[in-house]
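In case you want the letters, here they are:
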Amino acid sequence: MKTIYKKPESISDKPFHYCPGCGHGVVHRLIGEVIDELGEEKNTIAVVPVGCAVMGYDYLKCDVLEAAHGRAPAVATGVKRCLPDRLVFSYQGDGDLAAIGTAETIHAAARGENITVIFINNTIYGMTGGQMAPTTLCGQVTQTSPCGRDPYTQGFPLRMCEILSQVDGVSYIERCAIDTVQHINAAKKAIKKAFIYQREHGAYSFIELLCACPTNWGMTPAQAIERVGREMSEYFPLGVYIDKIGSCGR
Amino acid sequence: MKQMMKGNEAVAAAAIYSGVKCFFGYPITPQTEISAYMAKHLPENGGVFLQAESEISAINMVYGAAGAGFRVMTSSSGPGMSLKQEGISFLAGADLPCVIVNVMRGGPGLGGIQPSQADYFQAVKGGGHGDYRLIVLAPASVREMAEFTVRAFNLADKWRMPVMILSDGILGQMMEAVEIDELPAVEHYEKPWAASGRGERKEHNIIKTLYLDPEELERMVFSREERYKEIAREHQDWEEYLCDDAEIVVTAYGITARIARAAVERAREKGIKAGLIRPITLYPFPVKAFENERRAVICAEMSAGQMVEDVRLAVNGRYPVYFYGRTGGMLPDEEEILNCIERAAKGEMV
Ligand SMILES: Cc1ncc(C[n+]2csc(CCOP(=O)(O)OP(=O)(O)O)c2C)c(N)n1
Ligand code: SF4
Chain A
1 MKTIYKKPES ISDKPFHYCP GCGHGVVHRL IGEVIDELGE EKNTIAVVPV
51 GCAVMGYDYL KCDVLEAAHG RAPAVATGVK RCLPDRLVFS YQGDGDLAAI
101 GTAETIHAAA RGENITVIFI NNTIYGMTGG QMAPTTLCGQ VTQTSPCGRD
151 PYTQGFPLRM CEILSQVDGV SYIERCAIDT VQHINAAKKA IKKAFIYQRE
201 HGAYSFIELL CACPTNWGMT PAQAIERVGR EMSEYFPLGV YIDKIGSCGR
Chain B
1 MKQMMKGNEA VAAAAIYSGV KCFFGYPITP QTEISAYMAK HLPENGGVFL
51 QAESEISAIN MVYGAAGAGF RVMTSSSGPG MSLKQEGISF LAGADLPCVI
101 VNVMRGGPGL GGIQPSQADY FQAVKGGGHG DYRLIVLAPA SVREMAEFTV
151 RAFNLADKWR MPVMILSDGI LGQMMEAVEI DELPAVEHYE KPWAASGRGE
201 RKEHNIIKTL YLDPEELERM VFSREERYKE IAREHQDWEE YLCDDAEIVV
251 TAYGITARIA RAAVERAREK GIKAGLIRPI TLYPFPVKAF ENERRAVICA
301 EMSAGQMVED VRLAVNGRYP VYFYGRTGGM LPDEEEILNC IERAAKGEMV
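One line per chain: the protein sequences are A and B, in this order. So in my numbering, the last spot in the first sequence is 250, and the numbers never skip. So in my numbering, the last spot in the second sequence is 350, and the numbers never skip.
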């Protein structure tokens, strides 16, 4: 019998704790595939966030540090400055990256730290049970915006790719979506490109991935994935924002 | 070679001597010379100096470098030390070695920039959340600022925990002679636990603090407590001066101990049997130093009364413990402490 589909080598056998339809599991797999393809499992150090992906340390077979909420880019900076020849990436949710960790996010980018930031934007705080996030869309109902997010009292959603595009230290920024097969393939390509840029050009890259959180959106997986492609992609347009190394666009 | 140096510079020079790989800082008076010295000298010694965007980032960079298995240091004061506390709790929870220097200034809040010892509780009793301890060393001279830095790195690696040097604005700023090439030996410890890239290791290394299973978390905390007890047995350190026959003992740490020493000498000239106990390790607190019977002990501090609580616990009601403190950047002077000794000798101190 021929194996045509299997778990990446750099992902452990531990069953994911993620909900059905959640973007985290898909993105873990993509990262695993890219690490395998680049042959970097023994050389990679991951920094996982506080959020639903905190237990990423059980799923990734590379060395892992769990960072305090929002501090993953600072932790990754500490690691990478000591071990410049390792592949170092942070993996962060929207609360982690764009609320409590905004300063760390922007300054790691400003320094052009030689790391890759994987940003899971699901417009909500997953782990704590569905509160408003810095990326929650206007009108979106969450536990802490029960009448829908009112931007005039609760702030407008932050578009992190656009914000970081203003920062000179950045080499590569792309926003992808985890909804259709085509988009998921594009997301994998982006992650791979970012890792190659890190390895070969010492580049800081930022990959935003629009993901579903069916549980806290109160939707079925199918409805949630549809929302990613529709409402979310409308406010957070997909595409390459910066690519100073390769030829722009795809 | 003897060199005149500021205390802050001595800390930095001794850290480089100890093989520090990274220093992550953020400017705040009165500790900024540490950053300035590191910015100038650490890169030329093969290390990394980085000015972080905040003390929060700095301490989390420390977490990254320590987790990767390298010697790393940060320093701060006042509000900056408060910002580091979450990170310190994570470092303790992940059993990561590092050295943290607090050059104390007056508080609370922005407080002032003059020297103080009002962060004793924060350093010794926790500061951040959860059950954890730091080893806390209290230098009293520029020479000790350097020596204790070397010792701090050795202890941190030996016990896999953060070690704090609790200094103050005077010690940081004043200049004294130091023999930078005659510092204690640098000890080397293997770090097979470090998240440095798996390489040929079979299992991956994880640096983490999350234990969702309460039984497991309790086990982790209790095993750390065992380590703290061992540290308390092995490492209590203090200095005694004229204590053999002393009836009235002054106890003070850091710069205050030097003032107290002069007061004790003057009390002796007046025929009072006075002595000085200077705690060197604040955690573990040198309980053993207070085993002998005295008529009274006076705890002098640049605070509203913090170490005095540990002195009371050590004395455990066997004789009176009095307190004299100045705070907010004020120093107790020799005369004031002498006056306390005289009153205690006459039984008039309350
Ligand atoms: C300092 C601090 N504040 C708050 C929390 C509680 N907390 C845990 S996860 C989380 C939000 C996570 O949301 P997000 O980053 O969007 O990730 P997701 O769970 O959606 O993947 C919060 C607020 C914490 N652990 N630490
Ligand atoms: S709560 Fe949301 S983000 Fe968390 S695992 Fe479930 S679907 Fe994923």
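None of these hints come from the bench; they were simulated from the model. Backbone N, C-alpha and C define an ideal beta-carbon position, used for all residues, glycine too. Certain hints may be false.
Stated by the list, open to error - Per label pair, the in silico range of CB-to-CB distance:
| no. | chain 1 | residue 1 | chain 2 | residue 2 | range |
| --- | --- | --- | --- | --- | --- |
| 1 | A | T144 | B | D181 | 57 to 63 Å |
| 2 | A | T128 | B | A39 | 35 to 41 Å |
| 3 | B | F222 | A | D85 | 35 to 41 Å |
| 4 | A | D13 | B | G199 | 20 to 26 Å |
| 5 | A | V141 | B | E44 | 54 to 60 Å |
| 6 | A | T144 | B | V221 | 31 to 37 Å |
| 7 | A | Q182 | B | A39 | 38 to 44 Å |
| 8 | B | D213 | A | T220 | 30 to 36 Å |
| 9 | A | G202 | B | E44 | 37 to 43 Å |
| 10 | A | D13 | B | H129 | 32 to 38 Å |
A quick look at each hint next to the structure:
no.: 1; hint: A/T144 / B/D181: 57 to 63 Å; verdict: 59 Å, holds
no.: 2; hint: A/T128 / B/A39: 35 to 41 Å; verdict: 40 Å, holds
no.: 3; hint: B/F222 / A/D85: 35 to 41 Å; verdict: 39 Å, holds
no.: 4; hint: A/D13 / B/G199: 20 to 26 Å; verdict: 21 Å, holds
no.: 5; hint: A/V141 / B/E44: 54 to 60 Å; verdict: 57 Å, holds
no.: 6; hint: A/T144 / B/V221: 31 to 37 Å; verdict: 32 Å, holds
no.: 7; hint: A/Q182 / B/A39: 38 to 44 Å; verdict: 49 Å, violated
no.: 8; hint: B/D213 / A/T220: 30 to 36 Å; verdict: 31 Å, holds
no.: 9; hint: A/G202 / B/E44: 37 to 43 Å; verdict: 22 Å, violated
no.: 10; hint: A/D13 / B/H129: 32 to 38 Å; verdict: 34 Å, holds
In summary, the numbered hints that this structure violates are 7, 9.
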